[in-house]
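J.: Each chain, letter by letter, is given below.
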Amino acid sequence: SQQGEEDPQALSIQEGENATMNCSYKTSINNLQWYRQNSGRGLVHLILIRSNEREKHSGRLRVTLDTSKKSSSLLITASRAADTASYFCATDHTDKLIFGTGTRLQVFP
Amino acid sequence: NAGVTQTPKFQVLKTGQSMTLQCAQDMNHNSMYWYRQDPGMGLRLIYYSASEGTTDKGEVPNGYNVSRLNKREFSLRLESAAPSQTSVYFCASSEALGGRQPQHFGDGTRLSIL
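Chains W and D, in that order, give the protein sequences.
Numbering follows the working numbering, with no gaps: position 90 of the first sequence is 90.
Numbering follows the working numbering, with no gaps: position 19 of the second sequence is 19.
Next comes chain W alone, as it looks inside the complex:
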C-alpha cells in the first residue's frame, strides 16, 4: 500500500536549533498532513497542505510540498524540549489517510 516514509528515523538536537524532517510517498496525492505523537499519547494534527500548495506556516512550523519529487518536509524552528515527540506524515489517495513510520525527535535542554 502507499505509505509515506519519514527521514531520518531519529533526530537529536539542542534547544534553540531547527529540526527538519522529510516525508516521501509513492503515488499522487490530494493532501498531506503532519501529526505529532507524544510518548504514550495519541496523535495530534499539526498542519495540512494541499497538493496545489508549495509551502504553509503555522507558528514555528513550516511545511513544504514538492509533488514532482513526491516529498514533503516539516521544519520546526527554535526547537524546545517540549517538541520532543514522534512526527508522522499522512497522505491521502482514496479518502483514507496512510501514515508513515515517523521520525523520533529528541530536543535536549
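These aren't lab readings, by the way, just hints derived from the structure by calculation.
Each residue gets a CB set at the ideal place from its N, CA and C atoms; glycine is no exception.
Misleading hints may appear alongside valid ones.
Stated by the list, open to error - Covered stretches of chain W, going by a simulated chain D footprint (3 or more residues, C-beta under 8 Å):
#1 24 to 31
#2 65 to 74
#3 80 to 92
#4 100 to 108
Claimed, not checked - Once the Cα atoms are required to be at most 16 Å apart in a straight line, the calculated EDC-like pairs of lysine to aspartate or glutamate come out as:
#5 D/57 with W/55
#6 W/69 with W/55
#7 W/96 with D/95
Claimed, not checked - Residues from chain W shown here face chain D by an in silico Cβ test under 10 Å; the list is partial:
#8 4
#9 7
#10 9
#11 35
#12 37
#13 53
#14 97
Position chain D relative to chain W; hints supplied.
T.: Showing chain D alone in chain W's frame:
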C-alpha cells in the same frame, strides 16, 4: 474537552479470549476509525466508518470486527485474540471521510495477548 475517549487504557488477554475496545467522540464527527500501531510500522487502518450505519475494512481487518453503535460510538472486537494482535490500538474521528479532514485521536488502548 473530552474529544475522543478510549476504554480501557490497558488490557492483558490470554490467547483465544475475546474483548471489545470502546471508543466515543463528542465532536459530532461523522467518520470514525480504528488503527493499530506497532513498532517501526506506523499506524495501520483496521476498519473505518464513513458515517453512522456504515463500516468498511481497512488495510488489516482480519481477526477484528467493528460496530458503529451510533454517531458517537465505534467499537472494535477481537473474537479470538492471538499474540499477533498485541499492539496499541487508536480510535480516531473526523468531520468527514477524506484527506482534507484532520483526524482527532484518542490516547490508545495498550493490548497484550499472552
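J.: Going straight from one Cα to the other, do residue 57 of chain D and residue 55 of chain W come out at no more than 16 Å?
T.: 34 Å, violated
J.: So if I understand the rule, the pair passes when the alpha-carbon distance is 16 Å or less; does residue 96 of chain W with residue 95 of chain D pass?
T.: 13 Å, holds
J.: Does residue 9 of chain W pass the interface check with chain D, least Cβ-Cβ distance below 10 Å?
T.: With a closest approach of 9 Å, the residue 9 of chain W hint holds.
J.: Quick check on the hint: residue 97 of chain W CB to chain D CB, less than 10 Å?
T.: 6 Å, holds
J.: Interface hint check: residue 35 of chain W, Cβ to nearest Cβ on chain D, cutoff 10 Å. Holds or violated?
T.: With a minimum Cβ separation of about 8 Å from chain D (threshold 10 Å), the hint on residue 35 of chain W holds.
J.: Please check whether residue 53 of chain W passes as an interface residue: C-beta within 10 Å of a C-beta belonging to chain D.
T.: At about 12 Å, which exceeds the 10 Å cut-off, the nearest Cβ of chain D leaves the hint on residue 53 of chain W violated.
J.: Can the segment 24 to 31 of chain W be counted as covered by chain D under the rule of three residues or more with Cβ-Cβ separation shorter than 8 Å?
T.: holds (count 3)
J.: Cut-off 8 Å, C-beta pairs, minimum 3 residues; does the coverage of the segment 80 to 92 of chain W by chain D stand?
T.: holds (count 4)
J.: Against chain D, does the segment 65 to 74 of chain W show at least 3 residues with beta-carbon separation below 8 Å?
T.: With 0 residues closer than 8 Å to chain D, the segment 65 to 74 of chain W misses the three-residue bar; violated.
J.: Go through the hint on residue 7 of chain W and say holds or violated, using the shortest Cβ distance to chain D against 10 Å.
T.: Since chain D brings no Cβ nearer than about 13 Å to residue 7 of chain W, farther than 10 Å, the hint is violated.
J.: Let me know if the C-beta of residue 37 of chain W comes in closer than 10 Å to any C-beta of chain D, holds or violated.
T.: 8 Å, holds
J.: Mind taking a look at whether chain D covers the segment 100 to 108 of chain W? Criterion is 3 or more residues with CB to CB distance under 8 Å.
T.: holds (count 3)
Checked against the numbered hints listed earlier, the structure breaks hints 2, 5, 9 and 13; every other hint is satisfied.
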